[in-house]
Amino acid sequence: MLAESLALSAVLFSIGAIGVLTRRNAIVIFMCVELMLNAVNLTFVALSKVYGMAGQVFVIFVMTVAAAEAAVGLAIIIAIFRHKQTVNLENINLLKG
Amino acid sequence: MPNFFYQVHFYLFGLIAIASSIAFVTRKSPVAAALWLVNTMFCLAALYVMLEAHFIGVIQVLVYAGAIMVVFLFVVMLLNLGQPSEIADMRGKWGKLAAGLLGLALLAQVMALAGKRLPEPFTPGGGYNADVVRDLGAVGSVAQPLFNEYLLAFELTSVLLLVAIVGAVVIGRRRRIDAR
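Line by line, the protein sequences are chains Y and B. Those letters in the first sequence? Residues 1 to 97, per my numbering, in order. Those letters in the second sequence? Residues 98 to 277, per my numbering, in order.
Read the hints as simulated data drawn from the structure, not as lab findings. Don't take every hint at face value.
Here are a few chain Y residues that face chain B, going by a calculated C-beta distance under 10 Å [unchecked claim]:
#1 Leu-2
#2 Ala-10
#3 Gly-19
#4 Asn-41
#5 Ala-46
#6 Gln-56
#7 Ala-79
Below, computed lysine to aspartate or glutamate pairings styled on DMTMM-like, alpha-carbon distance capped at 20 Å [stated by the list, open to error]:
#8 Y/Lys-49 x B/Asp-232
#9 Y/Lys-49 x Y/Glu-4
#10 Y/Lys-49 x B/Glu-217
#11 B/Lys-193 x Y/Glu-90
#12 Y/Lys-49 x B/Asp-228
#13 B/Lys-190 x Y/Glu-4
#14 B/Lys-213 x Y/Glu-4
Glycine residues also receive a C-beta, built at the ideal position from the N, C-alpha and C atoms.
Kindly produce the complete structure, drawing on both the sequences and the hints.
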């Protein structure tokens, strides 16, 4: 089942990347990034059957980083919403000059 | 060779995961998108269990589908973004086309790696060991390397979480620091 898991992981990662590129809502883009992290986790778990339990330990680290990233990223989104009253990336172009 | 029943369920959960992730990317409402993503995560948890990573499957449901997605839904509710009509969420036709082509190119690149042979395990007899899991249990077999070889990384993770908590509170609070 290793090949199937890796193929599924690649498909999910690509769908997440397409989501990041097509959406404009900052929160939905964050969720797409979470989907990509999940796809990588599936790769880790599938390969841990070949290379040892370290893969599953890495999955735990990835989940911790994802939780921290979600907390900080959503705080940033809330701060942006207070300033701009929107989370649409079309309207958040302060750095464009 | 795994038996037929196992294979059917593996493909079933995989197809549901792909279908719900496609639905997740295409839904306009953020709440519907989040719920489809939760469905994808449940399917992935089932696949983890089928790959004999039981503890990771439990953590996937508890942390990802439980905690992280609730935070996302909470922010959607807090900012009152539930209505899909008032946000022009999707990019235009050309943006979608370009993103689809880029995604297909990425998929082709990753799939091209499938022809390569996997390198040998670093340690002889490495890999999933049924005896270790039988001796230590599903949790113990993950905890054994986590608290021995990766103890330093584990402790540094606690610093990361502390920084994230402090950062989220500082960024998210209403009063400016210089306003007093």
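Results of checking the hints against the structure:
no. : hint                 : result
1   : Leu-2                : 8 Å, holds
2   : Ala-10               : 4 Å, holds
3   : Gly-19               : 4 Å, holds
4   : Asn-41               : 7 Å, holds
5   : Ala-46               : 6 Å, holds
6   : Gln-56               : 5 Å, holds
7   : Ala-79               : 5 Å, holds
8   : Y/Lys-49 x B/Asp-232 : 17 Å, holds
9   : Y/Lys-49 x Y/Glu-4   : 14 Å, holds
10  : Y/Lys-49 x B/Glu-217 : 13 Å, holds
11  : B/Lys-193 x Y/Glu-90 : 15 Å, holds
12  : Y/Lys-49 x B/Asp-228 : 13 Å, holds
13  : B/Lys-190 x Y/Glu-4  : 32 Å, violated
14  : B/Lys-213 x Y/Glu-4  : 15 Å, holds
Hint 13 from the list above is the single one not met by this structure.
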